[in-house]
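Chains as they are written, first to last, in our numbering: chain W, 1 to 506; chain U, 1 to 506; chain S, 1 to 169; chain Z, 1 to 169.
Since the hints were derived computationally from the structure, they do not count as laboratory data. None of these values were measured; they are calculated from a predicted model. Be careful, since some hints might not be right.
[Stated by the list, open to error] Partial chain Z-side listing against chain W, Cβ under 10 Å, derived:
{"#": "1", "residue": "R38"}
{"#": "2", "residue": "F48"}
{"#": "3", "residue": "R50"}
{"#": "4", "residue": "R54"}
{"#": "5", "residue": "V55"}
{"#": "6", "residue": "N74"}
{"#": "7", "residue": "G75"}
{"#": "8", "residue": "L78"}
{"#": "9", "residue": "T81"}
{"#": "10", "residue": "N104"}
{"#": "11", "residue": "P106"}
{"#": "12", "residue": "S142"}
{"#": "13", "residue": "T145"}
{"#": "14", "residue": "V148"}
By construction, the Cβ of each residue, glycine as well, lies at the ideal position given by its N, Cα and C atoms.
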Amino acid sequence: MFRKILIANRGEIALRIIRTCKRLKVRTVAVYSEPDLESRHVTGADEAYRIGYGPPSDSYLNIATIVKTAKKSSVEAVHPGYGFLAENADFARACEDAGLVFIGPSSKVLGNAANKFESKRFAKAAGVPVVPGANTEVQSAREAEAEARKIGFPVLLKAAFGGGGRGMRIAKTVKELEQGFETARSEANTGFGHPELYVEKYLQEPRHIEVQILAGPRGRAVHLGERECSLQRRYQKILEETPSPALDPKKRRQLISLALRVIKATHYENAGTVEFVMSKAGEFYYLETNKRIQVEHLVSEMVTGVDIVEKQLMMASEHRLDLSQDEIECIGAAMNCRINAEDPAHGFIPSSGRVEKFVSPGGPGVRVDTALYDGALVPEYYDSLIAKIAVQGLDRTEAIGRMRVALSETTVEGVKTTIPVHQAILEDRKFLQGNYHAQFMDKMLSGWKPQQKTTPEEIAAIFLTMKRTTDSAPTLNAQKTEPRSRWRSSIEEPQLGKQALFLEGL
Amino acid sequence: MFRKILIANRGEIALRIIRTCKRLKVRTVAVYSEPDLESRHVTGADEAYRIGYGPPSDSYLNIATIVKTAKKSSVEAVHPGYGFLAENADFARACEDAGLVFIGPSSKVLGNAANKFESKRFAKAAGVPVVPGANTEVQSAREAEAEARKIGFPVLLKAAFGGGGRGMRIAKTVKELEQGFETARSEANTGFGHPELYVEKYLQEPRHIEVQILAGPRGRAVHLGERECSLQRRYQKILEETPSPALDPKKRRQLISLALRVIKATHYENAGTVEFVMSKAGEFYYLETNKRIQVEHLVSEMVTGVDIVEKQLMMASEHRLDLSQDEIECIGAAMNCRINAEDPAHGFIPSSGRVEKFVSPGGPGVRVDTALYDGALVPEYYDSLIAKIAVQGLDRTEAIGRMRVALSETTVEGVKTTIPVHQAILEDRKFLQGNYHAQFMDKMLSGWKPQQKTTPEEIAAIFLTMKRTTDSAPTLNAQKTEPRSRWRSSIEEPQLGKQALFLEGL
Amino acid sequence: MPVLIVEGKRYRVGDLAGEEPFLNIPVDEQNVGLEVLRQSSGQPTTVFVRAGSRVISVSVQRHDDQHVYLVEVNGKPLTVTFDEDSWSAGSGETTVTDGPALVNSPMAGKIAAIKTAVDLKVEEGQSLMILEAMKMQNEIASTKTGVVKELYVKQGDLVKAGDRLCLIG
Amino acid sequence: MPVLIVEGKRYRVGDLAGEEPFLNIPVDEQNVGLEVLRQSSGQPTTVFVRAGSRVISVSVQRHDDQHVYLVEVNGKPLTVTFDEDSWSAGSGETTVTDGPALVNSPMAGKIAAIKTAVDLKVEEGQSLMILEAMKMQNEIASTKTGVVKELYVKQGDLVKAGDRLCLIG
């Protein structure tokens, strides 16, 4: 195992990696941007170095500075987390060139992956179905039109090097295709540095299901079951669960065997996720392989007990996978809610700033991954994901019940969050039946507003307390009161006689 | 299932029960003593009623008031939690008489249990070994001496109706037995209202191992594996784990079969724990049956996935157990640390007061059960247990590693806690080998002091910050600063030009 | 009659009546009875009350803005505005003024695109520009129908929350 | 030389030297270099510093008692006493005075038993009474050798932290 690694990421995923490293006594080096100085991943690591200002291009995407920091701090390996440089072949190559182990697939495998055409060609060659039309670049609106006519409308225009809905357009008609082409191209160029687009059949109400893989050298790979990720808002996942409510045992075996075939065909190594869409007719189409640890890895860890970060470190340091498929059992059901700093009452506008207070849920089957604490800063520069609340239960019903309780116990003060959205999902009849798809959330959220339920009793109690706040306007004297003792002596103390105290005896 | 129950307890166990009730949509009624008004179990329940002042005899032990509150709030059943009235036959009978379901064994079974002679006679009759000398009351020091001579010194003088080390004396000689008799007797009388003592063989370095049972009607019972509870300080458990490092598969089967035999012989129903000591020679002796949910039930829940509170409710409401032994599998290892509000640096003196700040640990395999929050009150009237931190791992090593990380992440400010003791245990060579016994902790703690490790760098940083606190002595003006915005604009903001922001794409 | 705006919803509240610890407070059409159980000294003010079968804890801290209160009900945060004088049946949204309207940035981010220009006519709700923040593109809509008088930002600019973006006359 | 007592352990600290943000502070025999990275305004005072390869955050709040500070280092609480003037090689425990000693209750609880009486001689460390709190029996030991002058409590009394229990002369 490594003695010391650098984590080229921030926030909750950096802290997640630090936790496993601490357990394994692997020393950690954190890097941080100026606004992230106060993040828990900075004080949580054994060492921490500043790598730039807030904008990612100046900090977490700054390959040269990160590699220099890694060399200077004498680490053996670099864990990229997810996002930022996690699937960047240039970064992996820069690490390799500097004699650092990149904890993930090799730069060669990443190079293939970023380009979706190549990865899909590999899959197709291995007999894995891909979405119709998905394997050539289109240079012009006219080329796109020809491709669209071949596979039939509606189609999706997608960025070849993209992800997350950027540079993506649905076209139901030729006119929509023409209108969307240039904007999609420019979005792709701005967003990913590559303008290349391709056309793909637009599937109606598909499900988005992925398989978590751990792949050792020489094609030895195991799976940790699937994750259903169809609950998305604007192509961003918001709630993931395992097992998928859409699969019976036969379909599950089929999906997993397709996923393993893709991994073998692409000579993939380390942890990775093979993404599929499932059509309404139940056909699977390969989408892409996510060559990193994923946000939603928690649910797979909860049902299998496998620490995916530990396995990533193990595979990278020892070039072997110390786990066989028959040691892995998926038990019960698990669910992950992404808590984003966004205001669902105002069009999901990002809500950055200070988190004045964070209260974590507890109890059976609850797991919390977050870098939040009282006073934590949510900078405006990065992804809005600030916490993940995951639960496990013996079955889906138990998991849903535990998630409801966990969300009701969670408090985030100072920024708005998507917790009310999750609470609405967990009461939705179709969700409870497991009957949903990738376009489900956009429909559900259209016209939806979070409903604050405040009872007349609560209103009265609020008014009463506000009155007392105003009445007892702070005087110099009152302010001198030590805040830590403001409660002392406010408790009624009885002067009872002899009491038989302390009979509990646990 | 019940529609509404009353929880005759406080703090973390009341909140634990509320969590399962919320999941199952069972409404809850909390009761509270005056100082407990601010406890999370009060605002966490659907209804809450005050039952008296701080002293337990006036509140949580006040059978008449609790039963009256239950009737008035129209609940169907009462959950007693652990401690207080949990094993009180009078309370169970008062519930039964009032037409309320007591969630636990019947008053008849409890009546038998409180008296240790009877429960041991039952066990003996069923062929389960009990500690030598354990089945008659001794009325005088002379009778005790005769009994001690029969079984051989050293012996233990114990309260027949007691628990938790009270009214207990070790005697290695006749003189020690004579000296200890009267004090033990008076302690037993003060503590439990019954002066009766008995003599039992004192075992050298025994292990204390118990089996968690769920027992339905007609003798149908399942087990959830064992718990090793040998880590005790003055007969109070402090860290529990499963599986026991002292058992091989054969010994485990033997222990479990003895436990099930006791349950059947005593016609026990509901959740219960059968406690044994294991001698150095590996012989099991039945101690007693704990007829309640136990503090350390978390570890059994973590390895089996079974929600013990749910099963208690189910068994009490529907008189059936919907679980068979072949549905239960114990996976991996789990461990529970009892975090007590005590000061280990000063002889474990209780540390009550305000918890100014509580930070819960997170990440994989961690479970936290507590009623703590920022500003929570720890009253001096009740047990010092304020939080339980439990972890699960695929094996004992992983569980220990996770516990170390979890404890390092936990912060309790305002009261002193036993976290340093747990941290010391988790570094102890013998503990790591699984090589410990019931007298281990008292030896380990003799002369032990928590070591605060503060580096010169930290001292320098503390001094620097103290200097700045003093220099910027609060003026009236400074105090007017809105606390919620005290950080604003303290962050260096670069004015960079165009930036390729937001490239992450998770 | 004073009005409390709790997370955008309006409630009419009446004067406190009754004698400590038993108080009556009219809320909308209803008369709510409360029993005060405990009150903390210092800031924020925390009060525990009984309302029927429930115990409710409320913490209140005053915001810089004299009319805004940061409130916690049983630990859950709420933003409450107190309007002592006026009562209108409005939706609780801020009303549009008749004069020129300054459009401010609702958050920190980068101006990804400008979709209007000075002297162009705009409709209320029409998209003026796109602000990129936390990986998302957010439309900035005009708060009134009128003409763009001034544009304070250009594409690619980094802005902070509250920065002025444009003026609609 | 000023002394910091951190959770009972004594550290000698010297004067701050150097120029912002780079400072030098002698701690015992060692000279520690720090770089100040950020400081919050308001109370408590929070400072982020770099010490070699680490970032350390320290929050300090002053206690009622002018010499006691409530300190958090990377979020972990510590009690720190600042002794500006004196330096002694003592253990950090409070020293025993020569005059009569008042024994106060270290915590709230119930007096379970009194093991001495007025006019009896007691040794330092001898058990005076048993205080029951949180299910435990706690021995109250004499802080000095002497004679019990006054007993302020009797068996069964409920006491609070700081209540006087007896006087040893």
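Against the structure, the hints come out as follows:
no.	hint	result
1	R38	holds, 6 Å
2	F48	holds, 6 Å
3	R50	holds, 8 Å
4	R54	holds, 6 Å
5	V55	holds, 4 Å
6	N74	holds, 4 Å
7	G75	holds, 7 Å
8	L78	violated, 14 Å
9	T81	violated, 16 Å
10	N104	violated, 17 Å
11	P106	violated, 17 Å
12	S142	violated, 25 Å
13	T145	violated, 32 Å
14	V148	violated, 23 Å
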